[in-house]
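Peer 1: Construct all of the structure, not just a fragment, from the sequences and the given hints.
These protein sequence lines are chains A and B, in that order. Numbered continuously in this note's numbering, the first sequence closes out at residue 427. Numbered continuously in this note's numbering, the second sequence closes out at residue 725.
Treat the hints loosely; a few may be bogus.
To be verified - Facing chain A, a subset of chain B residues (Cβ under 8 angstroms, in silico):
1. H592
2. M631
3. K632
4. I634
5. K670
6. L671
7. A690
8. A698
9. T703
10. A714
To be verified - Partner residues are not named here, just some residues of chain A that face chain B (Cβ under 8 angstroms, in silico):
11. V269
12. R272
13. L275
14. L301
15. V350
16. G352
17. G354
18. I356
19. I362
20. Q365
21. A368
22. L369
23. L392
24. P394
As the list claims (entries may be wrong) - So these bits of chain A aren't anywhere near chain B, every CB distance computed over 12 angstroms:
25. T206
26. F306
27. L399
Think of the hints as simulated: they come from the structure by calculation, not from any bench. C-beta atoms are modelled at their ideal positions from N, C-alpha and C, and glycine is treated no differently.
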Amino acid sequence: MNIPVYSTIHLDFDEGIGLLELNTPPSNTMTMEFFAEFASVLEFIRAHTEFRALIISGRGRHFSSGADVPVLLREILEKAGTDKNGKLTKVPDFLSSNYKSLLILESFNIPVISSIRGVCLGSALELALFSHFRLCGEDAVFSLPEASFNLVPGLGGIYKLCCISGQALALDRVLRGSTFTAEDAFKYRIVDKLVPKKILLSTATGFAREVMQDFRIEKKAMYVKKYLA
Amino acid sequence: MEIIDKISWEIRSDIGIITLDNPPENYLVQPEFVPLEVLKKWTSYDYLKGIIICGAGKHFSGGGKLENLFRMIRNKENISESMDKGKAVLDHLEELEIPVVAAIQGICFGGGLEVALASHIRVCSENALFAFPEINQGVIPGLGGTVRCFGKTGFPRAMKLIMSGDMINAEDAQEMNLVDFIVGKQKVFDFSFNLLQKLTRDRPLTVINAVMKALKNARSMSIEDAMREETRMFCELALAEASRRNSSREIKK
Numbered sequence: 199m200n201i202p203v204y205s206t207i208h209l210d211f212d213e214g215i216g217l218l219e220l221n222t223p224p225s226n227t228m229t230m231e232f233f234a235e236f237a238s239v240l241e242f243i244r245a246h247t248e249f250r251a252l253i254i255s256g257r258g259r260h261f262s263s264g265a266d267v268p269v270l271l272r273e274i275l276e277k278a279g280t281d282k283n284g285k286l287t288k289v290p291d292f293l294s295s296n297y298k299s300l301l302i303l304e305s306f307n308i309p310v311i312s313s314i315r316g317v318c319l320g321s322a323l324e325l326a327l328f329s330h331f332r333l334c335g336e337d338a339v340f341s342l343p344e345a346s347f348n349l350v351p352g353l354g355g356i357y358k359l360c361c362i363s364g365q366a367l368a369l370d371r372v373l374r375g376s377t378f379t380a381e382d383a384f385k386y387r388i389v390d391k392l393v394p395k396k397i398l399l400s401t402a403t404g405f406a407r408e409v410m411q412d413f414r415i416e417k418k419a420m421y422v423k424k425y426l427a
Numbered sequence: 473m474e475i476i477d478k479i480s481w482e483i484r485s486d487i488g489i490i491t492l493d494n495p496p497e498n499y500l501v502q503p504e505f506v507p508l509e510v511l512k513k514w515t516s517y518d519y520l521k522g523i524i525i526c527g528a529g530k531h532f533s534g535g536g537k538l539e540n541l542f543r544m545i546r547n548k549e550n551i552s553e554s555m556d557k558g559k560a561v562l563d564h565l566e567e568l569e570i571p572v573v574a575a576i577q578g579i580c581f582g583g584g585l586e587v588a589l590a591s592h593i594r595v596c597s598e599n600a601l602f603a604f605p606e607i608n609q610g611v612i613p614g615l616g617g618t619v620r621c622f623g624k625t626g627f628p629r630a631m632k633l634i635m636s637g638d639m640i641n642a643e644d645a646q647e648m649n650l651v652d653f654i655v656g657k658q659k660v661f662d663f664s665f666n667l668l669q670k671l672t673r674d675r676p677l678t679v680i681n682a683v684m685k686a687l688k689n690a691r692s693m694s695i696e697d698a699m700r701e702e703t704r705m706f707c708e709l710a711l712a713e714a715s716r717r718n719s720s721r722e723i724k725k
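Peer 2: Spelled out as structure tokens, the structure:
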């Protein structure tokens, strides 16, 4: 298997486990190009049955600071369909394919594990929420800050947070838009396990190796209890 | 302040306050505990950013008086129509596109608990008590309480609460996801008010409405449909924000 080279993502493969790293350090911003490449990485992984587990992580100290909002706004202004009053008539295709990528990721029949260090904000948290498991370092910082610049999470973040942490917590986190710690994320059931950051990736890899033997998402709670206790 | 059928309404800054005002237990006079048309009028002010439902005095609400209901049946009143009206009131509350907080102290039983369950956030005092006592009189919660309770707590816990009619305390209620926050005895209202203000103060109504709609979709739609809608709402807000930023840039020039 020849692993393609991407400019915003680093994809690696070792003993059945894929490592997908957001690779535009230091903040690993999710640019337009990233989302396009992310979709093709997912296609590549789906087409190669050698992948039996996938770990998603960020190069360097952070997972990712999320989307590049000014660029995103400019692109939407340019590409969205609008009527003569400026009202939205068609969502640009690139935005639809972004959320579809997350649905594809979630539908993988191999375990997908986000391994989160440093900041994990906005769309990056949405990406992590569509993984099957989330492990984070004690230094991780989370938020869905969109409301503080008059937007809302747009890639299913509200939906997922509501399912995982309940309506009240989702409402609270999304409207406040403020950051919260790894401990809070664990308390809200957003992350499955807090790990010292030095051993985060090795813990994620060890976990992947166990779960990939017999992965079924319905058994999530059992895996967490058995292999992450 | 307006008072109608033992329910009062007032607006403090941009938060609407519905008080179940039939002390001491704040029994609900009928299933449609506030006329739907009145509730619609109250909640239609476009500057409102949130709503609190609370009880006057020491308790939230003891729910409906079943004697009233049985009397209505004896008088051959149309009970199912009256229950439908009650359900419509709770559906209206739940579907509001601004957050509704139930500020619960003391007892929160039966219909009172159904009102609380239709709210988006439940805050309770440490001495709050919850129950669905209907089973003791041979009936079940009839205003959507069984469905909403199951949605929050899952099947086994909902079944236990509804089938036993037993009372549970604040801690147990939080444990089973029936309440979201527990606060000190006298602090329920202030906490709820401050919470709503913190959540909504700096947010335009368009953002608040979009978040509420997304949460409603999460309750009612498939994940694919809910995500398509979430992306569409994001896109609408992004368009507005992009135009706003553009025009403020032009003004600066």
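Peer 1: Take the hints in turn and mark each one as holding or not.
Peer 2: Taking the hints in turn, this is what the structure says about them:
1. H592: This hint holds: H592/B lies near chain A, its Cβ roughly 6 angstroms from the closest one there, short of 8 angstroms.
2. M631: violated, 20 angstroms
3. K632: Violated, because the Cβ-Cβ distance from K632/B to chain A comes to roughly 20 angstroms (cut-off 8 angstroms).
4. I634: Given a least distance of 20 angstroms, the restraint on I634/B is violated.
5. K670: holds, 7 angstroms
6. L671: holds, 4 angstroms
7. A690: Constraint on A690/B satisfied, holds at 4 angstroms.
8. A698: Status holds, d = 5 angstroms.
9. T703: holds, 5 angstroms
10. A714: holds, 4 angstroms
11. V269: violated, 11 angstroms
12. R272: Holds. Min distance 7 angstroms.
13. L275: holds, 4 angstroms
14. L301: For L301/A, the interface hint holds, since the closest Cβ of chain B sits about 7 angstroms away, which is under 8 angstroms.
15. V350: Since chain B brings a Cβ to about 5 angstroms from V350/A, closer than 8 angstroms, the hint holds.
16. G352: holds, 3 angstroms
17. G354: holds, 4 angstroms
18. I356: This hint holds: I356/A lies near chain B, its Cβ roughly 4 angstroms from the closest one there, short of 8 angstroms.
19. I362: violated, 11 angstroms
20. Q365: Status holds, d = 6 angstroms.
21. A368: holds, 6 angstroms
22. L369: holds, 6 angstroms
23. L392: L392/A check fails; min Cβ-Cβ to chain B is 22 angstroms, beyond 8 angstroms.
24. P394: violated, 30 angstroms
25. T206: Holds, since 21 angstroms exceeds 12 angstroms.
26. F306: At roughly 15 angstroms from the nearest Cβ of chain B, F306/A sits farther out than 12 angstroms, so the non-interface label holds.
27. L399: L399/A is indeed farther than 12 angstroms from all Cβ atoms of chain B, at 29 angstroms.
When the structure is compared with the earlier hints, violations turn up for hints 2, 3, 4, 11, 19, 23 and 24 and for no others.
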